[in-house]
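Here are the chains, one letter per residue:
2 protein chains.
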Amino acid sequence: MLDAAIGSGRHERPCVFEAFARRLPDSRRYGVVAGTGRLLELIEQFRFGDEELSFLQQNKIVHSNTIDWLANYRFTGNITGYREGDAYFPGSPVLIVEGSFAEAVLLETLALSVLNYDSAVASAAARMVSAADARPIAEMGSRRTGERSAVASARAAYIAGFSATSNLEAGRSWGVPTMGTAAHSFTLLHDSEAEAFQAQVDAFGPSTTLLVDTYDVEKAVDLAVKVAGTKLGAVRIDSGDLAVQVASVRAQLDSLGATNTRITVTNDLDEHAIAALRAAPVDSYGVGTSVVTGSGHPAAGMVYKLVAHHNDAGEWVSVAKKSTAKASIGGHKAAMRTLEGGLATSELIYQASDGRPDAEGRDLIVELMTNGSADARWLGHDGTLAARNHREQALAELPLNAFRLSRGEPVVPTIYR
Amino acid sequence: MLDAAIGSGRHERPCVFEAFARRLPDSRRYGVVAGTGRLLELIEQFRFGDEELSFLQQNKIVHSNTIDWLANYRFTGNITGYREGDAYFPGSPVLIVEGSFAEAVLLETLALSVLNYDSAVASAAARMVSAADARPIAEMGSRRTGERSAVASARAAYIAGFSATSNLEAGRSWGVPTMGTAAHSFTLLHDSEAEAFQAQVDAFGPSTTLLVDTYDVEKAVDLAVKVAGTKLGAVRIDSGDLAVQVASVRAQLDSLGATNTRITVTNDLDEHAIAALRAAPVDSYGVGTSVVTGSGHPAAGMVYKLVAHHNDAGEWVSVAKKSTAKASIGGHKAAMRTLEGGLATSELIYQASDGRPDAEGRDLIVELMTNGSADARWLGHDGTLAARNHREQALAELPLNAFRLSRGEPVVPTIYR
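Chains as they are written, first to last, in numbering that gives the first Met the number 0: chain A, 0 to 416; chain B, 0 to 416.
Same shape as in the complex, but just chain A (with noise of 0.2 Å):
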């Protein structure tokens, strides 16, 4: 594409894309978006190496003033859009790039891959806070994602609120809370669950959690206790039938005097198991695998259009894909979460020119990088905390509808004006 806009001359027109949601998966309520942060960084060291160079040039993949636009590429253009945390829904105008056809089509790719994974992460993270009902999760999942991802989705969990993870490379570079865990593997290497837990305390202290599971619970709690103590931090169970389980833990750590130690539970947790724990007593929960994976939906399904590019008067002309199913709305967009006593009432999509309506609400498109720059706001470790910030706040303009599990409708209605 960049290389026959290129040989056109259209390359260099003034365009904006804009990155959206057709609808939310499997008949969510609200989404979650993430990745901002970490795309505007990834944004701003893109470039294309002599390594890149030489391979386009090699395999004759485009002709050599491509490879000599590519040589000097670096994005210089302007992206608002919704902040990272908060809610979306289909149509929200979650991104909006400015500048030429040749510098904004190549982000494409970049820009899709880090927002359709991460706010996947997020959204479907976002419903296991809700259902774990104030009681802390961890998100344990690296193993069960591409190793980059993983880094990403400890970041997009905790954005979505999630305590803590098991990446310590995601707490190392966004400043997410780390933990560590102990597998099965740490017991069986020991001559005895005995030696194991006594290693394990004797490198953390009585407030480590202990895994009660590789052998025979009971006995293991019985041990635990008899090794740590009643000021044991907590046990953790990864198998089995958790709610009775878990019942008869609590009373036997109870019955041992071990009135403050925790229960964890981690056994292939998604919203809907956790959701099916509030009634017992569980202290906090670790989920691997459904986070990773946007549990059932792991790509939040954004695709990236341009809406709209000057003509040769300089003028901005609207573009729309017009066929079938997948007829899209041109123009250079903004968008309002409409609000009333604080709840949201609708997502109000107007275009830009147009002017903001009157109407009582909040504005969701903010600056994210002038000229090439992106703003420090949404940056690193700081970033990451605002999002999460974010996040808490903008979930509580949602109607308690949205927080439902079941399938239905989006919990506000998407207005064009």
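There may be inaccurate statements among the hints.
Given that identical chains are not distinguished, each listed pair holds provided it fits within a single copy or across any two copies.
In the BS3-like style, the derived pairs of lysine-lysine whose C-alpha atoms are separated by at most 30 Å in a straight line are [what the hints assert, rightly or not]:
| hint | residue 1 | residue 2 |
| --- | --- | --- |
| 1 | 321 | 59 |
| 2 | 59 | 218 |
| 3 | 59 | 230 |
| 4 | 218 | 230 |
| 5 | 225 | 59 |
| 6 | 218 | 321 |
| 7 | 321 | 225 |
None of these hints come from the bench; they were simulated from the model.
Got chain A; can you put chain B on it based on the hints?
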């Protein structure tokens, strides 16, 4: 775990870990191993740098002797396992890692991330390849998975039999054949569809593939042949009822004399949609979301378990988790695929120390890494191509039942001897 094991002094015990899947996702009939070549390169490079070590130190995540140990870390053990591209079944010991507990346990997350993601993609892709019945499929899903997973999935789909990818980085780093695509934005950028088609034909000649569903398919097909002539390479349809659409476009192309112009379709295809188009005059497919997300199963579900370790007397002790549904089978195992008349009859798994059973069949375990050094046969472009070729041979051994898309049992039983 590492920190506590260093504390207990058990970290240097020689150990054997094994990666395997307890079951195949969604009652599929076989899985395809992928990621091995990529993983071996990542293991060779796996180090803890100053930034990582400072993070661990400053946040008091591990003790200082563990920091010292990590500073010198590189994997020095042996890895054996299934050839990349081979079929696997429940219990198949896909990867066997031998080393000290400390050095082998550190690989758990990396090994599972790579194998679970890449094998999920390859296992889904292989079903699409058999559904396509020898018609080529291009991988176009980069935008629907994490930005690094996108490269891995292009590679895994190629190993499983896809013919090409739109991900240029997969071409550069793994030798996967690449192809360009024109999106609707390219058509919309130009002042008319005619101008866009002309720009593309000017850049790439008439053998290019023109996207014909931006406005009106019938008019676009007429225009495409008018602009490119009857030597037009292909038209692409990305929306609508494909079976109906394809038949009418074929008739239209033929009536225009473009009898050699191919038709490629790309609208949210998975293996079932591909199979449903078998009777339609489709020449090739492009698949995005469904292949990079494992067609509903984005993680292969492999686990990494300690199966044996030395005791203090230097003897091997088999170990296994005993609790409930997640019980595992201990011991350093090997595997063969028993064959009758060239067709697989079972996945036969045995204790390596017992020696190979006296049965007709193919040994499945090969050397992958020796003393921390990867076998060059499995690496880079050559290793990727070798995996693709091996996949073809390995799947040719499976009974025809393997290629049914409906749910069922694994096509051969796993037998432990």
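I'd like to know which numbered hints this structure contradicts. Please list them from smallest to largest.
The structure breaks hints 1, 2; every other hint is satisfied.
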